[in-house]
Structures are given as structure tokens and as C-alpha cells.
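Participant: Chain P is fixed; fit chains E and F onto it per the hints.
Residue numbers (our numbering), protein chains in the order written: chain P, 190 to 615; chain E, 190 to 615; chain F, 190 to 615.
It should be emphasised that the hints constitute simulated quantities derived from the structure, not laboratory data. Owing to the predicted nature of the structure, the values given are computational and were not obtained by experimental measurement. Some hints here could point you the wrong way.
All copies of an identical chain are treated as equivalent in the list; a pair is satisfied when it fits inside any one copy or across any two copies.
[As the list claims (entries may be wrong)] EDC-like mimics (lysine to aspartate or glutamate), calculated; alpha carbons at most 16 Å apart, straight line: (1) Lys-602 <-> Asp-267; (2) Lys-359 <-> Glu-279; (3) Lys-257 <-> Asp-312; (4) Lys-602 <-> Asp-204; (5) Lys-359 <-> Glu-434; (6) Lys-602 <-> Glu-203; (7) Lys-320 <-> Glu-279; (8) Lys-602 <-> Asp-286; (9) Lys-307 <-> Asp-290; (10) Lys-320 <-> Glu-203; (11) Lys-257 <-> Glu-245; (12) Lys-257 <-> Glu-594; (13) Lys-490 <-> Glu-315; (14) Lys-320 <-> Asp-251.
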Amino acid sequence: MSEQLTKRILTELEDLILIDPHTHINPHSAASSTLADLMGYHYYTELAHSAGLAREQIEEPDLDPKEKVSRLVPKLADLQNTVQVSWLLEMCREFFDFDDDRITTDNWESLYDCAAEKMAQPDWEEQVLNKSKLEQVFLTNDFDDLLEGFDTSRYIPCLRTDDLVFHLQKPETRTRLQNATQIEIQDAASLTNAIGSLFDHFTSHGARACAISLPPDFAPQPVEASTADSVLQGMLSGRELTVDESATISCFVFWKLAEMCAEHRLPFDLMIGVNRRVYENGVFQGQDLFDQRTSLILYQKLFNAFPQVTFPISVLAQTSNQELVSYSWIFPNVVTNGHWWYSNIPAYIELDCRSRLQAVPQSKQIGYYSDMYKLEFALPKFGMYRRILANVLATDFVIARNWSEERALDLGKLVLRGNVERIFGD
Amino acid sequence: MSEQLTKRILTELEDLILIDPHTHINPHSAASSTLADLMGYHYYTELAHSAGLAREQIEEPDLDPKEKVSRLVPKLADLQNTVQVSWLLEMCREFFDFDDDRITTDNWESLYDCAAEKMAQPDWEEQVLNKSKLEQVFLTNDFDDLLEGFDTSRYIPCLRTDDLVFHLQKPETRTRLQNATQIEIQDAASLTNAIGSLFDHFTSHGARACAISLPPDFAPQPVEASTADSVLQGMLSGRELTVDESATISCFVFWKLAEMCAEHRLPFDLMIGVNRRVYENGVFQGQDLFDQRTSLILYQKLFNAFPQVTFPISVLAQTSNQELVSYSWIFPNVVTNGHWWYSNIPAYIELDCRSRLQAVPQSKQIGYYSDMYKLEFALPKFGMYRRILANVLATDFVIARNWSEERALDLGKLVLRGNVERIFGD
Amino acid sequence: MSEQLTKRILTELEDLILIDPHTHINPHSAASSTLADLMGYHYYTELAHSAGLAREQIEEPDLDPKEKVSRLVPKLADLQNTVQVSWLLEMCREFFDFDDDRITTDNWESLYDCAAEKMAQPDWEEQVLNKSKLEQVFLTNDFDDLLEGFDTSRYIPCLRTDDLVFHLQKPETRTRLQNATQIEIQDAASLTNAIGSLFDHFTSHGARACAISLPPDFAPQPVEASTADSVLQGMLSGRELTVDESATISCFVFWKLAEMCAEHRLPFDLMIGVNRRVYENGVFQGQDLFDQRTSLILYQKLFNAFPQVTFPISVLAQTSNQELVSYSWIFPNVVTNGHWWYSNIPAYIELDCRSRLQAVPQSKQIGYYSDMYKLEFALPKFGMYRRILANVLATDFVIARNWSEERALDLGKLVLRGNVERIFGD
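So that you can see chain P by itself, here it is in the shape it has in the complex:
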């Protein structure tokens, strides 16, 4: 009974037109050109490297895309068990009529060619969006992105702020900021003005969120302008900052961002828990890990200080999920946001999805985002989530709580789409 029920709910969920509220899509080149764009995704390169493929093989300068794929394919056998490879296969089946059960040294080349041919069709991007039932795709834009030359009603700008908060010490960050805003950074006041100018630029181009990823030990707090001023003087003089001074500047900028989110009525996406460059010799984007010893209690002051700002929160450590559930259950401005990176595998999504649906108001849950770099990934990633969601709706709601299928389905649609629309507004 439960199997049929899950299938019926899943079929209905598959009809839903999606908004993907967090991706790394380049709107000027949203879809892929070759299979190398798919298999070059860090999930495959880092897993292949982890299973023994040398980084130099993967990241050789000017590597031909077909050659790159030919080097990765033999390693797929060692990775076949991973859910990430199941995404790859699903894309190949759905987009390229691939019907083998794995990609091997024998069959990859025809797959590559078939993919290249399809991807070369002028409407490939449209085809992918249609097949994936994707209506809108949120971007992750550098703060100095011009936001021009693409359709901002389809590709929604979001202001990514990691560089501002954590790399303002680098002269090139400040140069970029000055160039983007035409404001010279001299002190806390001009820095604040520059940040405000970025928000004006982004919101005037339809931005719907400010976003940042944060290390596990980050603890936001307000910083007096005078305190920031004295550290900024040191920074601008070219002196290397102490650890404490760096933290002061990070906190100052972060708090300003929250203030601007309040002023410009933008949600502030917090992606909590990543340590950058833990594996120094890893492949591109395959170097970051985490320390599970973190807590949302570090954000207590922030959540209290900005009741008018919505904070959609992603946690990297699965062990943080219960805190996320509980903080969303108590704080009106805290919202659960998807299943991020190392938590984005079925065993963890299932547990996290169940606990959220059991204890967080239904209006405060953003079910899923793809985090994709290329448009083709929305299909298998949302597919994975929908299957888990359908099963949880069937088991925990229709069966355990005697809900009608329609009611359970409405709940599913809300977390998959309705909340995205309402929380990120328009």
C-alpha cells in the first residue's frame, strides 16, 4: 500500500513547476556544452581524486574537454555507489537517451558525442529548463557583478558577500569594491556607503537575497564604527591584521549587511559551517570540509537584533540539523533552507526532512535548492529530494497521521515551491 501511495504522491510532485532558490549558475552560460561541463562538477573531480586520480590529470592546463572526460570515466567504477554518480546517470538517461546502467570506457564516447550534439542545439537551455520544470533560478553573484546581459526575471540575482566579510584585507577586494561603487574606502562610514551602494545596485536589478557562507566558529556581533575605524586604518595602511582585528572587520561588515537586508527587505541566506582549504592539494572546489563543533547559539545576538530580517539557514553538519529545527521553531525570523553539500545525501536528507516537517511551521521551510553550477543538475537533484519528500509525506502524514493524499501533497508543494515564492517575495 505504502509503495503505491508514495508513487502517487511522487507523480503529483513531479508535475510541479519549480523555483530553484540557490544555485551557482552563470546566466551567460547556464547550460552545458559538453559532458565535461557535467563531469567537471567538483563532486566528480573530487571523488575521482579521492579514489586515486591525480589532480594533475584532472586540472592540466588547456585540457581538452573530451580528454578530460576520458580520464575521469575509468574512475567512475570506484564511485558508482555514490549518489552523485546516480545524478550523472539520471542526467544521461533523461537528457541523452543513455540506457546502459553505467558509464564505462566502452560506452562513454558515444555518450559524449550524443551529449555534445544535443547541447549544441540552439534551444538546449530552454529544453533543459522545460524538461526540469524550472521556472526561475536564483544566482550567486559576486558583489561587483554588473547584472547585465541576462533575463533577471528568469535568473534571479543574489548578492554573495563572502569576499566582503572575510577578504576585505586583500587589496583586490577593496579595489573591486571601489570600482563597483565608485566609493573610496577610507573608513567605516565610506565602507558602509559602499555596501549600501551594492544593495541599491542589486535590488534595482531584482535581487531577492543576500547570501554568505560562514566558518563554524563565526560569531556575529555588532561593532562600533569607531572600533572598525581604527582597524580599517591599519588595514588600509597595508599592515597585516591580527586574528582579533580580522574578526572585528568581519563582524562589522557582516552586521552592516544585516542592517542593509533590513533596510532593503532582503532575506539573508546564511550557510553555516564550512572550513575552507582544509585539504590544500585537493582539486578545485574539492578542498573544503567542516568542524561539526558549531552551534546556532553563536547567532543569538543576530537573530534578536534583526527581527525584521528573514534568515534562511543551511547547515553543513548534519548534527546541526536539530538546532536548525529548534531555532526555526522558536525564532520567527529563522527559516530552514534545503540540504547543503555534505548533508545533501539521502540518508541525511530523510532524517532532516522528517524532523523539519514534524516540528517547524510549514510556512518556514524551504525544502530544497540544487546548488548547481550547470542547469542540467536541477533534474536529478530535485528528483532525489522529491522521492524522499514523497516517502515522508506518505509515511509520516498519510499513514501515521491519517491525512488525505491531497492534504499531504499540498504540504509538499508548499515546501517545494510556495514558500520559496513567499519568503523571497517578488
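Facilitator: Relative to chain P, chains E and F alone:
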């Protein structure tokens, strides 16, 4: 097969007469008078507030109970997915013949009136106890509670000690202590005498436990009377204590409580992990959260120092459950106690219940307590636990280990009732 | 369908001949002589003690084995729910034709006698190995073990190094090291030579791994020989070392071990997270617990510094499993290793097994080791793991991902056996 089996076990578990080993019941007003007593439970007010209802709407002074319910009802739609609302519906169905599948602006008023009528019946309290199969209900009494005017064989006193350990610095706490014991607090010796006097009072009125909730960073250790004396002098002089001094007094009092538990043969319920007032503008009782970064290793000295005291332990963070399982498996005086607050949702109870039944001696597990403020909540809360327990017994014992149903059922009865009787004695 | 499927996969997995990559077997007395050898395993003594049996009853000097069993048997009733007792029953059924559903004061004696008789058969060890389908058993040898008098192609030596890293301050450790290597420990250089000599000795006797268990706060880092020298002078002079100095020596020796592993091409098994002697009055081997607040980020420098060394990693806290999954997914030299101690119960194995199979390259997972002290335990422990593995293969691969049974089975065989062979080489 498994479905029928679970159902049979559940039916048998439902026949069991219960003792609820931890509640916040007021024995002078145990059952509810109106639906506002149920919907005023912090789970509903805090979730409604989290979903957008202003605190002022909920906590307006002298708010009429019916008006209060009318304000909460529209928010129930946003909370319908939560297990807490499923408790509410189950109470309405079981106690008030409600047969809609949700409480709405259309149907709430007749429900309210029906409930008010039933609750006005002179034997309502008895009806609730009977229908809930509740025999005894443990209380959480302030240390200066007179413990008079109620049937202490039904409503079992327990000495709650948070104020003594964490708020002795407040003059009113000391005044209450002096009034309750007729002992003037002048130094460590008189403080010890006063605490002893409380234990005499409580045990002479049939108390069965001492209880306390503790923050995640609390680390109990013995404190010399002379050390306590010097801090107490500062406190009594009206000087504000340093953080270290406060910790010293907390440790001194806590350790004394453990000594008194040993002397009076009382179990010491430890509820570990809560941070108070994290969300300062939250509704009443909806302000507390937690920091998952805690460990039972902080209690190493305590568990070693008091082998003769039983410590029933509840943990707020679900990530603490494996430590609880392991410490209960090793320390003879550590016992698992229920599923507390933010861990009291099916996704977590299920995992915690399974791990405890797989690794902790069956005699050392207190399956569940309701933590309720009003008597009607025992029914849906124990109901939720029993369904999970029945499923675990069916799956992990009858099916996976080939136990007879009777044997699995005996295990279920032990954790639901037998252990409560034995551990808290009489 | 799923039930039959799981059963078919399980049946095939049960045909597999095993290598057990981590045990505490004494190769001179691998199998048991009486039931007391089985019931004297710390799991039973510590659980019986936890349930109320006095340590003195269990550890009375010169206690007759039969008397010891007679004292433990009555406590089994309180432990019957634990998975550990299910192992005991499975051994009794499989090895001693026991067919009751529990061991009681009525039936234990005939069981004891029957076991003693079987165990007295000259080929008992062979019988156990055959019935358990065990081909090779990895040992845990003290660093000064002569490694003589047993078949090192069946019982594989492994160099256990806890004493060297954490107890070099004890004069007897240094004496043992000097006796084993004929090298006088005078400074960093001679200590390094002595450690090198141990590796020569072990690898010349077929050792396949270096192994160590580590406390939750251990953070390995390189130490200059000159720094180590000055601390060693203090140690050798008999002065008690400070906490920092002890940590320095531990780090120095640990780092040398990693260097020797590189040089001798040995995997370095890290068993992370145990606090020793937490319960001081516990039974033998029943005193250790853990602090879940630990992270693999503490090993960042190590993993980066030794890309040529494979680190099979076990974690004691289940909450560390996601870090283990993620670090194994990123670092080529990090490998998941079994389910250790307090994490070795079905509820946790299931979740950990699923997450590993979903996200770690299949070639980087060592499915299980028994950690046994007596040979009979491999059968029920591997049996428990195989049942969970079969279920995960059926559910997550054959059903959810449409894999053929054969393909799923190949994956199972790889993590159960193939990877052990490849990772520990020969």
C-alpha cells in the same frame, strides 16, 4: 505482517496503567477549564508566534480565554504539520468528540464550547485520568511549596532545584528559602542546613525525586565549605558576583543536593542542555534553546562520587543521545529518562528509543514522561511514544531477533511502567 | 518483495570468506576454553555491573570460570534486550546447539558443560574459523611482542602504539622499548631509531598495519627534534612533565609513527575519540567513555602531510560519522573503517553504513571488523553487520537505484572483503 504485529503490540501497550514520572501539573488545578488552557501551552503559542503571530496578541493582559483561542486558531493552518498540533487534534477527538480533520476559523467555536462544557463537569479531572489510564503523576514543585491540599499518593511531589543552584544570588530566592525553612542563610553551614530541611519537608510529603535543568556548559564539582563561605559573604553583602564566583556557588549547592539525595535516597533527575532566554522577545516559556556542544563527560566526577544516587538523565540535544546510551551502559547509577522537549518528536524518539533498547540494560530505561502542564496532554504524548515503541518492539525484537510477542511486550511494559515504579521507589 | 530480496543478498554474503581487519585475539589462545571466556568479555561484565552486579563479584581473584558464569547468568535477564546478549545467544546456538530463547539459572549449567566439551576438542580453533568463514585475523600486538610461535599468515600482526604515544613517561614503557630494540632512549634521535627498529621487526613478521586509539582532544602536529629533546631530557631525569610537555612528546612520537608508516608502507589505523578511565570503579575494560565534542579537523595537518599513508579511521562517537564520510570523500588517504565500540549497535551501524555507501568511493570503505578478544565472536558480530548491509544493499541500491542484485552483491563483497585485501596489501 509487520503492520498487524505492531498493531497487536500497540493494543496491548494501550491497556497499561501509567505513572507519569515528570510533569509540571499544578495539583490544585490539574485539568483544564477551557480550550485556552490547552492552546495556551507554550508549544502552540511559540509555534504560532514563530509563524508570525505577534507576542502582544498572545500575551495581552487580562485576555479572555475564548478571545485568546480565537487569535491562535487562524495560525494553526501554518502549524498543522507539526506533531504538536497532532497532539491537540488527538485531545479534541478523544475528549471532545471532535471529528473534523483540522481546527479552523469555522469550527473552533463549537469545539471551544463543547470543551468548556465537558471541562465544567465536576469529575472532569477523574475522567481525564481514567481515559488516559493515568494512576500517578509526578510534579515539579518549587522548593518552597507547602505540598498541602492535594492527594500526594496521586500527585507525587518532586523537589525542583533550579532556583537554588542558579538563582541564589537573587535576594528573593534567599528570602523564599529562609521563609520555607526558618533558617537564616549566613554561610555554607546554614545553607546546607536549609537545603537539608527542604529534603526533610519533601520526603516527609512523599517526594520521589529531586530534579533540575542544567545549561550545556555546567560542570559539577565539589566545593570546599570555606571556599563557598567566602563567596557567600560577598553575595550576602549585596556585591555582584563574578562569573567564577557564581559558578562556585552553583557547584556548591548542586553538590549538596547530590549529597542530600544520597542521604534521603532520592533519585536526582538531571535535565541537561538548556540555554535560558536565548530569544528574549519570545512568548512565555518560548525563549529557551540549546547549544549542542555539550558532553556527559562534564558529569564524570559526579557520577563517580555518588554511586549510591540514581541519576535519571534527559538530554535536550538529540546528538547527546549516544553519550546517554553509553554512559547508562557503563555507569550503574546513570539511567535514561524519556525524550525531552526539542528531542520529543517522532524522528528523534524513534532513533533514540531503538539505540537505548539495543544497548542499555532494560532495567535502566525510563521510557517516557509527558512534561505536561495540563492533564489532558498525557493521552496524546504517551500515545505518540507508545506507537513508536510498539513499532520498535515489532521490528527490532519480534522480527529481527525472533522474540515472542509476549516477550517484546514485557519489555515494553518494563520501560513504560515497571522501571518507573522500581527506580522512583515508594 | 524487499524481504525476499534482502534474504537472497544475505545468503550470498554469508558465503563470503572473511578477513577480520581488527581484533584483540591472542594468537596463542585464540579460541575459548569455557563459557567464561565468552561471558567474561567486557560487554557482559560491564553491562552486568551496570545493571547492579558488584565488581567484586565479577573480579574476585582466582575466581573459578564456572562460578564466574554462575554469577553473571542471573543478570542476563536485565540485559536480554541488548544486542550484545543477542551475540551471546547466537554463539550458543551456532556453536553449542543451544536452542532455548534465553540463558537462565535453569539451563546455563548444561550449556556451560556442553561448551566446555566442544571447546576441549583439539581442533576447536579450526572449527570456529571454518564455521565463521574466517581466513585471516588481524591482531593488536604490543610494541614489544616477539611475534613468534604462531602462524603469521593466519594471524596478522599489527603494531599497537598507544603506550608509545601516551605512556612514554612511565619508566616501564621505556624499559620495554629498550628491551625490545636494544636501543637506549637518550634523546629524540635514539627514540626515533627505536621506533624505526619496531617497524623493522613488525614488518619483517608480516605486520599489515600500525594502530592507535586516541582521545577526543588529540591534535597531531609535527614537533622539532630539538623541542622533543629538551622535553625528553626532563622526562629522563625523572621530572614529572607538564600537560603541554606531555602533549609535545605525544605529538612527537605520533608524527614519527606516521613517518615510519610512510617509510614502511603501512596503513595507520586511527581509532578516534576514547576517554580512558572515566568510570574509575568500573570493571576491567569497562571504564572508558567519550566526549562527542571532537572533530577530524584536528587531523588536518596529518592528512595533508602524509598523502602516501592510508589512514583507516574509526570514530567512537556516532555524531562523528558524517565528518568521517566527508573527510573520506575528500582526502584520498582517508578511509572509513568499521563501526567501533559504542557505535557498534544496529541503529547506528545502519545510518552510518547507508551514508558511507551513498557518498564515499566504494574502494575506500572497510565495512567491518569484529574487535573481538575471542574467536567465537566473529560469527555473531559479522552476522549482525551482514544483515544490516544486506538490507541497505536491497533498499538503497536494488530498489531505490534499480541495480541488479549481482551488482549490489559485488558492492557488498567489496566492502566486506575486497577492500580489506587491497588496503592492507600483502
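Participant: So, for every hint listed, does it hold in this structure?
Facilitator: Tested hints:
1. Lys-602 <-> Asp-267: Answer is between: at 14 Å across copies they meet the 16 Å cutoff, but 36 Å inside does not.
2. Lys-359 <-> Glu-279: So Lys-359 and Glu-279 fail the 16 Å test inside a copy (42 Å) and across (59 Å) alike.
3. Lys-257 <-> Asp-312: The answer is neither: 26 Å in one copy and 57 Å across copies each exceed 16 Å.
4. Lys-602 <-> Asp-204: Within one copy, since 10 Å is at most 16 Å while 39 Å is not.
5. Lys-359 <-> Glu-434: Close inside one copy (14 Å), not across copies (38 Å); limit 16 Å.
6. Lys-602 <-> Glu-203: Classified as within: same-chain Cα gap 10 Å, cross-chain 36 Å, threshold 16 Å.
7. Lys-320 <-> Glu-279: For Lys-320 and Glu-279, the Cα distance is within 16 Å only inside one copy (13 Å; across copies 43 Å).
8. Lys-602 <-> Asp-286: neither (29 Å within a copy, 31 Å between copies)
9. Lys-307 <-> Asp-290: Answer is neither: 21 Å inside a copy and 50 Å across each miss the 16 Å cutoff.
10. Lys-320 <-> Glu-203: Classified as within; 11 Å inside a copy, 44 Å across copies.
11. Lys-257 <-> Glu-245: within (11 Å within a copy, 62 Å between copies)
12. Lys-257 <-> Glu-594: neither (47 Å within a copy, 32 Å between copies)
13. Lys-490 <-> Glu-315: neither (44 Å within a copy, 46 Å between copies)
14. Lys-320 <-> Asp-251: Answer is neither: 32 Å inside a copy and 57 Å across each miss the 16 Å cutoff.
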